[in-house]
Structures are given as structure tokens and as C-alpha cells.
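Enquirer: As a plain string of letters, each chain reads:
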Amino acid sequence: MTASNSQTLSALGLDVGTSRIVAAQRQDKDIQFDTQLNAFVNIPFSKLTQGVLKKERIPHLVQDAEITVYGDESERFANLFHKETRRPMLRGVLNPDEANSLTLVRQIVGLVMGEGEGQGRRVCFSVPAAPLGASEEVNEHESSLKTMLSKLGFDAHPISEGLAVVYGELEASNYTGIGISCGGGLCNVCLAYLSVPVFSFSIPKAGDFIDSSAAQLRGEPATRIRSIKEESFHFNGHFVNKIHQALSTYYDDVIQALVAALRDQFASVQNMPKLNRPIPLVLSGGSVMPPGFRDRFEKSLRETELPVAIAEVRMASNPMVSTARGALVAALSEL
Amino acid sequence: MRVPAFLLVLVSDSLRVFLNRQHYCSGSNTSLVTRMVWRRSLGWRAGWFSDPAGRLKFLRRSLRESPDLKAGSRREWVRPLRRISVVVITLLAALTHTDTTAMLPPGKPVSKPAGQVWLVQTTPQFDLYSNGLRIEEQYATFTEPRRYMAFARAQSDPIASGGEWRSVPAGIVYHTTESHWAPFEENQNRSLRQAGEGLLEYVRRRHSYHFVIDRFGRIFRVVRESDFANHAGNSVWADDIWIYINLNQSFFGVAFEARSKGSGGEPAVNAAQVYAGRVLTQMLRARYDIPATNCVAHAQVSVNPANYGVGYHLDWEANLPFAELGLADNYKLPLASVKLFGFEGDAAKIETGPSSMGEGLEASIAEIRKNAAAENLPVGRYRGKLQKRYRDAIRALRGKGAYQEYN
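If you read the protein sequences in the order shown, they are chains A and B.
FYI, the numbering for the first sequence is 1 to 335, going by our numbering.
FYI, the numbering for the second sequence is 1 to 407, going by our numbering.
Next up, chain B with everything else stripped away, as it sits in the complex (with noise of 0.2 Å):
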């Protein structure tokens, strides 16, 4: 027996709303399936119309008289027929055995929850968001979309089970530019201006971040943040579910105009730069999900390869003002280089005490030793044992064409 495919595919929908009853929890089933039925039927009949616009019209007049519209003031006779009619296609779905598999629409994909900093406009020079940050888009640049493979923690072993391929931002990691110097004064306005121009050409043309925030505490959008941008080269971070190495791809790079070191022993960054950067972190973080232990130093994050050593980098190695930054101090979390390859830090190069990397460097060291003596291994063996892991991840993504070549 040959049914209409409208037939076949308003029988499928009727099923599924009375198998699936989870996606209609609000309000009756029959009346979903009336309201189903309507506008299957609706969408029939208004293909019989081959002129657009008696097909517009049709449309817009029926929908006049639509059952979502007039619900309420329906007559009442008119239910229980439709109920019956339901019954009916549904019964004749059951005796034609036909397989309706192809013609079911997918399921919806979840919605993430809107977060609580919204756009409020974008222009071709800014874009603006409810908390107040503004981005400067003068110097806005693109790389390629970003794309990135992450290792599950929760397998037994996360890089023998292989990676996932992801495209979400998963954090952010902060920078300063180490560019060129000159004392925030009112008499310096010019070179000032200057060094920050030079410098947004400068990271524009390398790709080099996402976001600049500049001496005045305006931030500049560099590369978009679709895009991966070469911040991070050589690093490695974790979370609760996810190692990510080497996070251009998957972390944001936010950079201050600024030294970590200043000259006089004087703050790093100025008020307007905290502020700027608070804003900023607040966005992405309600934009993209971020937790709040993936907004890190790029000190924490960065590797060499080469000799196993942690802080490669050492950019805001200290003093990272988190707290203003509206986050927990992630100086103390243990780094993931070292507790999960068994990358090591100089004690004489990194800087030690409170704000700053050296704490996460010993809580990881600690960490190291407690697993080491739990596989009754000697701390020496057991690093090395990380180590295979590393370069094991790192083939793993070469593998399957994930791993950018850092030099």
C-alpha cells in the first residue's frame, strides 16, 4: 500500500510526541498533537498553492485562525474529533509497517543558557557589552577557525584512549607584552600613544593575541575570537575533564601593555588595566563557559620540550591580580605540566612565595611525591614515566594532525 510521504511524516510525529513524552512535559499530548497535526496539515495544503503569493496568503489567513492562537475559544465538539482523528492516523501508521526512520527530524540541540553579559552593540570601531567593555576593533584581524584536540581525563588513561576534537573556548591565559617602555606620565602622552600603536601593528601582523589591553585600559581586539591566535606555544593545562597541550588553539590570550618586572619595583599593570581586564574575563567567561581555574598566568602554562622545564615563559610568573580579575588566586592550583607529565622548575629561575607560580609548583611537586610513593616508585622514575606520557600525547597529535611545530 503507497501512503502520501505527508501522511507517513505526520504519523511519525504523532508517535513520537506520545512515546517521547520528556520534550512535551508542558501541557496535554493530545493538544501538542492537535497543534502538530494543524500545522503538518497546514504545510500540505498550502503547497497546493503554486503561486507565492495565494501560498503567503493562504498561510497568513490560516494562521489567523491557528489553534496555538485561538486554543481557548475553540468549540468543544471540535476536540474530541480531533482527538479521534489523531487515534486513527496513528492506528493506520501501526498497520502499514512502513520504516518512517528517514523522514524523522533530528533532535534539537541542547541551547547553552545566555549568560549575564550580553552584546549590547557592535559597530565597525567597537563593540559594546552590558558590564561596560567596550573592544576596540581598528586592529581586529583573523587567523583560521579555531580547532583543537583535548585529552578526556576521565579514561583510564587519557592519551592511550585518544583525543576528541573540540572547537569551544576553554580558557584564558594572560600575558604582558614585554614591548617597549616609557613612564606612565602625562608629559610621556606621546610616546606612550606611540609604543601602544606600534605595538597593536606589532601583535596584528603576528597574530600574536586575542585582546590587547593597552597602557590607557583600552582594550583592542586583535585576532577575532572565532580564531586561534599564537599566544601560548609550547603548554599544557588541565582541568576536571579535559588536558589540553599547547593552548593556541584552545585557550584565549588576553595580553597587558606592560612588564612583569618593572623597573622600580612598581605594579605591572595600573588601575585602568585591572579594571579593563576584569571586564574583559567576565565576558568571555559568561560568553563561553570558561571555569574560573582555566583563567590562568601564561608562566603556569608554559613548557620546554627540550629539557622537561616548566616556565618556558614567565610572564606574570607573580602578581597576577586574579582577585581583581574576579577570580580565586590560581597561583595555588598544582601546574598540570609537572603533576601530569612530569615537567620540572628551576627553583632558581621561578619566582617563589605567595601571588606567585612558585606555590603551584610546590602543591604539584607534593603531588608528585604522594603518587610516586603510591606506585612505590622512586620520584625520579615514576616523573620519568610522565614524561613517556607527554611524548606520547605529542604523537597522538601529530597522529591525527593537531600539533603545531613551536621553536
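Next up, chain A with everything else stripped away, as it sits in the complex (with noise of 0.2 Å):
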């Protein structure tokens, strides 16, 4: 193996979302995917259970009188037992109201990343831009990250959600355009031009806001909405039943915010480069997977003026993937 080689198998790319965390780091030519959900269970403490579960190599921590499964076994652990799954994030950072939150991430990112030390390789995090009027959790969180993965051996940098985006998808235009991140918890949006960010904003309607004013509105538990909206949920404009009607209406009002609050940003920004032609705009993450999401998205987008022409409205190659990708890219750049 070249020196190249090495250092360039060496970065990685890690998107820490408030539903899903996934690392990426390329593969001779290709780029390799891991993912996990971000999210834990507890199950009540026994021997009997937490020898299954050690055989079974499914992950998990015991903590007091309760077993802890995390990562994508604590979907099916939650099903088992008839619970919700938990969050160790809420809204793109830290979830203050559980005390393992940053136990748990460490654990599914050693899922994501592979066992051992991280060896002084390079990884760029994802972090959420700030929230209007709350910037001060964002940094918490950033640093609480950065500390996190610099004790497990790693040179940690964090990168803004969108502005991965970009660097994942936008190298067509040199990395000018937006990029927009529609996750869980926040919905990220980065204008940057030949690759430097102009401005960055997320806003705290996405995902799960979608599924739990919908399961309010019908009176059913969110994690059933979730895997409606996952499975069957499209835009046609026909509901076949009202939870789908209830999932469309919270939809339109995170895409109406998330116009709003690009048209305002455009309005306020100072210094803006002067773009004299159309930008791409890329849309990723889980929330704009629906089918017909990007045409409900453009649609409201040309009913707004905004000042920069917008040459397309595209979705994401993998929009699942795109925050990772972009953050490997900006690990690999920096070698």
C-alpha cells in the first residue's frame, strides 16, 4: 500500500443525525457505507437475557437493573417488547432530557466506524447549523463530539450539515448551489459558493415533527406513523386514508417553513457573492424520500421570490447517504 493509499483510507466521513448516524470511507474507487439508527431501548435486566443478546453479538449496555440495546437491533428489541424506541438526540443535538445520550452515541459509532482506536484518522462530523435563537446547544453539542471521538483516537473536525451536502453532491458545479438536509430532527440548509459556505440555518421542523403532529392529529403512536410514512406515504394529491391526509398537511407546513425561512435568509445575508447564474439545489436526507417530495418542494420553492436564480431542484444520488459522503470528501481534502 502507497502512502497515498494509506492516508487516503484513513479519513472518514461521519453524519451524526438525530435519527440515523452513518460513517463513510472510501474503498479502493468506491465509497463504503455503514449506518445504524440512532436510537436505543431498554429492556428489564437478566442473566438469562444479556447471555442471548453476548451471543447473539447484538449490541447492548447494561446500566443498573436494565439492558440498553442501541443501533439498529433496538427497532426490532422495541417491537419485541412492545415499546417506543428513544432517542439520544433531539433535534439535531445531544438530548438533554437523557442522561446516556452521549454514552449512547459513542457505543453506535463504534458500530459505524469499526472496532479499535481511531489511530489519529481524520474524520469530519456533521453538525447541525445553528437553530434561530439557538446557537449556544449547537455548540455544546459540537463539542461534546469533537471530545468524544478525539478521545477515541481520532483527528475530529466538524463540518455543517449542509454544507456536506454540497461537498456529497455538487461537484458538477464546483460546489455552488444548496444543499439541503431534510433529517430527523432539523432540517439543514447551506448556500455555498466554490465551495465556501455563504450562509447556514436549519430549522427545527422535519422528520419528526411530521410524525408527531400526525400521530396527535389521529391518535395513534408516532413510531406507527413513521413506518407509514416510510413504506406507503407519496404525494399524488389522492389520500387513501387519513393518516396519509394528516402526513401530507405537516409535509406542506415543513416545506412552507423551509422556504420561508430560505427566502428570509436570502433577505438578511450581507456580503452576498455575486451569482450570476442559475444554482443547483440539491435536496437529501431520509424526509425528502416520498415519492413526489422534490415536485411539492419546487413548486413552493418558484412561488417564492428569491434573488438567486435556481437553475434545478434535484434529489440527492443517495439522499440517505449524501451528509456522510460530503463529510468523507472534506476529510480527504484536507490530507
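Any given hint could turn out to be false.
[As the list claims (entries may be wrong)] Pairs of lysine to any residue, SDA-like flavour, derived with a Cα cap of 25 Å:
hint, chain 1, residue 1, chain 2, residue 2
1, A, Lys299, B, Trp48
2, A, Lys29, B, Trp48
3, A, Lys299, B, Arg147
[As the list claims (entries may be wrong)] Over the 12 Å line for every Cβ pair with chain A, so calculated as not near, a few chain B residues:
hint, residue
4, Gly47
5, Arg190
6, Ala328
[Said to hold, decoys possible] Using C-beta positions, here's what the derived DEER-type ranges look like:
hint, chain 1, residue 1, chain 2, residue 2, range
7, B, Ala292, A, Gln270, 46 to 56 Å
8, B, Ala328, A, Ser232, 49 to 59 Å
9, A, Gln63, B, Arg45, 49 to 59 Å
10, B, Leu377, A, Lys274, 49 to 59 Å
11, A, His157, B, Arg153, 54 to 64 Å
These are computed hints drawn from the structure, not numbers from a lab.
We put the beta carbon where it would ideally sit given N, CA and C, even for glycine.
Join the two chains, each given in its own frame, into one complex according to the hints.
Expert: Listed below in C-alpha cells is the structure:
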């Protein structure tokens, strides 16, 4: 292995999202992605259960009188025990209501990044842009993750989630354009010009807001709503049931909030570069997956006056991993 | 001669800068062209890197040496060379006679100036604005994006010349909900809350307004701002530039949980509601550039096309506290429906006197008389002519699919 190859293999991109954690690393000319749910469930402790989990290699922690199953397996165990999964993160940052949030994130990061110490490998990890009025929370979150990754032996550098989407998807326009990541807790947005971020922001309306609002309206558990959303929801104007109708209502709310925030941000930004040709806009994240989302978003966008022309609104090549991919590109570019 | 696309775009940009000075009034043209040439060439050179990380690395490294960043530190001899290169490229372009129109980027749309009120925080539960306005979100719903046809008054015959499609909100119509009523007293808290919640559920289902101000002065979003709401029915208003017919699509609907005529002669709205109305009006006007004269009561705009009567709905026919809402007394404005389309007011039905739409009705009737005299027509015949104009307008709207039927 050459020194250059060794360096390439040593870089990592990490998307620390509210609902999923995704790691990206280069394997030859391809990029390999590892993903885990950023969730956990507590089940009652028994030696028998612990033994089975160990034997089946199911990731878990034993704390006090409980066993915490985390990552992808948490959903299966939640269904088995008729419980709701819990999240170590809330609205893009470590969940202040969960005492072990950082420990659990560390464990899940371990699952996607592989065993062993970081050994100085460079990792770029995603952090949300500050939502309006909540920059302190984001700073604390960023600092906690950086410390945690450094303790694991990584050379850790934060990257704004929206900028990571730009780096992951807008290579063809020399990293000029708007990257949007609609995840579980937040929608992150970044406008970049020749790779330099002009503005970044986030809004606290995203997938979880849609799930919980629709759940509240229809009197159903949020997990059921999420499952329906992921399996069968699509925007086509005809809704098979009231849950689909509610999902559509709250999706529209998110889209409207996003477009309004984008318009406001353009209005308030100073030193805007002269973007004298239309720029692309790319959509990524788990919440943009329902068929028809792109069209609905573009319709709202076209009805809003923006000071720049948008050349195209397109979906990311793989919306679930765009942020991790962009974080990897950023990490590799710094080697 | 085949010229690389990069070169053509670059040349076209250079020419544009030299020929179109008003876009580049700050700084010298030469330095702007230098920057542009540098950016273009940077983008072009970045294209040599097939590896995304390599391209990003190149861009980042190059930007550290950007002329934008280091203009002051450039060695002096670089500038003349760059200037010469730009002139040479420009000459080359003139010689190639190649049509580059298709490659020219579109003109930059004009940005609206930021308003005085801005969004401070948005959460799933509420939006908070810099003037203290807080909009509760739990009843928010949607209809379809706003789109309407307005008639331009600058045309000699605005109706015959055809309307223009627009999507910006043009004004605010104030309503009262005329809903279930409980005395505003401490021992009525439960009834007051229940009445408010029931009302909000009802108007949400019917998409009746954009905002409702409840009796505690809380502002609830009902239909979101980008969409139309079913609040105005058959209605007419006009400003100096446009004539608006049926205002569901063009105006915001703001409803006070109130009855226009309180049973004991008490004011229709309380101080908390008036304050809420004021900050909401302030935000909407700042955000959408709404002129004060387009902030009116429902009674002022409501019409009945079946009998050409004004004031089909009479909410806020009097005592809308314009001054407390930060507006001039718009009751004095002539009614557009009367002045432009010959609608008539029933004096027995409509409240007259100060702070009532009767003032505007009188003003518009005076204008009708004056205009009829100017055309040497009896008032009745002149009205008939205006009413025909209204029918023509409705026909025009129907023809373009811009008319919503009302019962």
C-alpha cells in the first residue's frame, strides 16, 4: 500500500443525525457506507437475556437494572417488548433529557466506524447549523462530539450538515449551490459558492415533527406513523386514508417553513457573492424520500421570490448518505 | 473556428461588464473583470480534477489566493498583465462572431428590501417575531398556493385590457367570527376556553381565515400565509395600482373572536385582542409590503352581485379600531365596489356616522355623481354602465379560470 493510499483509507466521513448515524470511508475507488439507527430501547435485566444478547452479538449496554439495546437492533427489540424506541439526540443535538446520550452516541459511532482506536485518522463529522435562537445548544453539541471522537483517537473536525451535502452532491457545479438535508430533527440548509459557505441555517421542523404532529392529530403512536410514512406515503393528491392526509398536511408545513426560512435568509445575508448564473439545489436526508417530495418542494420554491435563480431542484443520488459522503470528501480534501 | 465554451462564456461576461456599467457601479470595471476572469478560470481548472476531494482541495487552496481576498497585496506588475489579457480576450470575442446569447446568465431578480419585523424563532409550536408577535401553530392547515388575477388601473380600460396573474398578498381583511359567546369574566374561563377551541377547530376545517385572534389575545395561524383562505366571499377592493375582485386569494383574512355588535354595547374587542391585531398587522405589512389603504374591514369589501348591494357581510361595518391597529381611518376611503362597479348601499341597513363604512359609502356616492356629471349621464345610467363593467370583469375572470363561485 502506498503512502497516498494509506492516507486515503485513513479518512472518514461521519453523519451524526438525529435518527441515523452514517459513516463513509473509501474502499479502492468506491465509498463504503455503514449506517445504524441512532436509537435505543431499555429492557429489563436478566442474566439469561444478557447471555442471549452476547451470544447473538447484539449491541447492548448493561446499566443499573436495565439492558440498553442500541442501533438497528433497538427497533426489533422495541417491537418485541411493545415499547417505543428512544433517541440519544433531539432536534439535531444531544438530547438533554437522556442522561446517557453521549455514551450511547459513542457506542453507535463505534458500530459504524468499526472496532479499535482512531489512531489519528481524520474524521469530519456533521453538526447542525444553529437553529434561530439556539446557537449555544449547537456549540455544546459540537464540542461534546469533538471531545468524544478525540478520546477515541480520531483527528476530528466538524462540518456543517448543509455544507456536507454540497460537498457530497454538487461537485459538478464546483460546489456552488444550495444543499438541503431534511432529517429527523432538523432541516439543514447551506448556500455555498465555490466551496465557501455563504450562509447556513436550520429549522426545527423535520421528520419527527411530521410524525409527532400526525400522531397527535390521528391518535396513533408516532412509530406507527413513521412506519406508514416510510412504507407507503407519497404525494399524489389522492390520499388513501386520513393518516396519509395528515402526513401531507405536516409535510407541507415543513416545506413552507423551509422555503420561507430560505427566503428570509437570502434577504438578511450581507456580502452576498454575485451569483450571475442559476445555481442548483439538491435535496437529501430521509425525510425527502416520499415520492413527489421534490415536485412539491419545487412548486413552493418557484412561488417564492428568491434573489438568485435556481437552475434545478434535484434529489441527491442517495439521500440517506449524502451528508456522510460530503463529510468524507471534506476529510479527504484536508489530507 | 471552434472556440472553447469556457472562453466564450468568459468573453461574454467581460463584454457584459464593460457594456453594462450600471450593474457594477462600485469599483473599477477592470478589477471586476479581473475577478470574474479569475473565477471563471478557477471553475474551469477545477473541472480538470475528476476526484471530488481533489477538486475541493484545489478550490479551497486557490480561494486562499483569491484576488477578492488579496486584492491589496498583489504585486503591481500583475495588474497590467491581467488587463492586457482581458483586452485580448475581448478582441478575440469580437473576431469570432459567435452568438453567445444562449450562454448569458439571466439578469439578477431584484430583491425586496428586508422589512422592519423579522422572524426570531420558529418552532413546531409557535413562530416568534421581533415585534413581540407570537403566532401559535397548533391549528395551522393549508389550502392551495395563492394565485389571483388583478386588473391594472393604469390601463384606459382595466377590464377590457385583461388582468394579470399575481401571487403576492395585497392586503388584509379584518373579520369578526360572530361565534358562540360567553361573558369575558374570570368565572367563565372554562366556557371562554371551550368556545375558542371549538371555533378554531371549526375555522380550521373550513379554512376560513389566515389568522384568528382569540379573546385572550392569542394569535393562531389557521391557513398558512402562502395559501388562500375562504374568508371574503364576493368582494371588491382597489388601490392606486390594482383592482381586486373576490379577495380570498389576494388578501389575508384576520378574524377577531368577537361579535361586531356586543349585547351590552361593550366594545367588540378587548385590549389584548387589539394589541395582537396591531403586532400582526405590523408584521404582515412589513413582510409583504402591504399599503395601509389595503387593510380594511370585511363590510367595506363585501358585495352581493345578485342585487348589486354593498355590505353583504357586515362584520366591522363600524368601530374597527384602525388607529390602534397602526392604520389611518380607512372607513373614510370610498368603497371600490360603488365607485368602480356601481354597487349600491342600503342606507337603512348600513351603519352611518363617524367610524363606520357609511363615511366611505357617502364619499363613493359623491364620486359617482361627479363622474356621471362629467360624462353627462344620469346617475342611474352611469351606475348601469359600471355594473356592466363588473359583469365583464367576472366574465374575464371566469374565462381565465380565476373565478371562484360563491353561494
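Enquirer: For every hint, state whether the structure bears it out.
Expert: We went through each hint and held it up to the structure:
1. A:Lys299 to B:Trp48: This hinted pair is violated, its Cα atoms lying about 35 Å apart.
2. A:Lys29 to B:Trp48: With Cα atoms ~18 Å apart, A:Lys29 and B:Trp48 stay inside 25 Å; holds.
3. A:Lys299 to B:Arg147: holds, 13 Å
4. Gly47: B:Gly47 is in fact no farther than 12 Å from some Cβ atom of chain A, at 8 Å.
5. Arg190: holds, 23 Å
6. Ala328: At roughly 27 Å from the nearest Cβ of chain A, B:Ala328 sits farther out than 12 Å, so the non-interface label holds.
7. B:Ala292 to A:Gln270: 46 to 56 Å: Once the Cβ atoms are compared, 30 Å apart, the range 46 to 56 Å for A:Gln270 and B:Ala292 is violated.
8. B:Ala328 to A:Ser232: 49 to 59 Å: The hinted range 49 to 59 Å holds for B:Ala328 and A:Ser232, with Cβ atoms some 54 Å apart.
9. A:Gln63 to B:Arg45: 49 to 59 Å: holds, 55 Å
10. B:Leu377 to A:Lys274: 49 to 59 Å: Given a distance of about 57 Å, which is inside 49 to 59 Å, the answer is holds.
11. A:His157 to B:Arg153: 54 to 64 Å: Since A:His157 and B:Arg153 have Cβ atoms about 59 Å apart, the given range 54 to 64 Å holds.
Figure legend: structure checked against the earlier numbered hints; hints not met, in rising order: 1, 4, 7.
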